[in-house]
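A.B. asks: Work out the full structure, taking the sequences as your base and the hints as a guide.
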Amino acid sequence: MRDRAIESHPTNARLFAARGKLFANRNRAAEAARDVQEFAGLDADSTSESNECTIAWMDGAAVQLMKGREQKDHRVYIRQMLLRFAATKNPVVAERISKAALFGAVDPQDLRKVVQLAELASSTRKYYELRDRSIRKLESLL
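The sequence shown: position 62 = 61 (numbering that gives the first Met the number 0), numbered continuously.
Everything hinted at is true.
Quick list of in silico lysine-lysine cross-link-like pairs, DSS-like style, CA-CA up to 25 angstroms: (1) K98 / K88; (2) K125 / K98; (3) K20 / K66; (4) K98 / K20; (5) K71 / K98; (6) K136 / K125; (7) K20 / K71; (8) K66 / K98; (9) K125 / K88.
Read the hints as simulated data drawn from the structure, not as lab findings.
C.D. replies: Shown next as structure tokens:
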């Protein structure tokens, strides 16, 4: 089904991400990695920071590691992901991308970008403190 959809819409990045995830769920690492790399190429110029988009990039980082020792592919993918989201001002996006970058070994020249994203992500600390206080308050009422 997805093969036909991709044949009909060969530039739809999300279709490649979805099929890549299906391949990954079936432990077909090489096919999954190929599709997430295609997704990355098609999505590179997008400006979307939707949940669907950022999670697809995270999934792709994990898929690249499924292939085993081929760390070079993972590092190339991470570099693409960091370039894609380098300008984000969204702490949630920054958290997802910095986490995904650290799934495997990171090229030393990319570490500064990862740290910048992680620092932006941690800027939401007040939100998490408020959430934790709210949870404790609710638990005390139970």
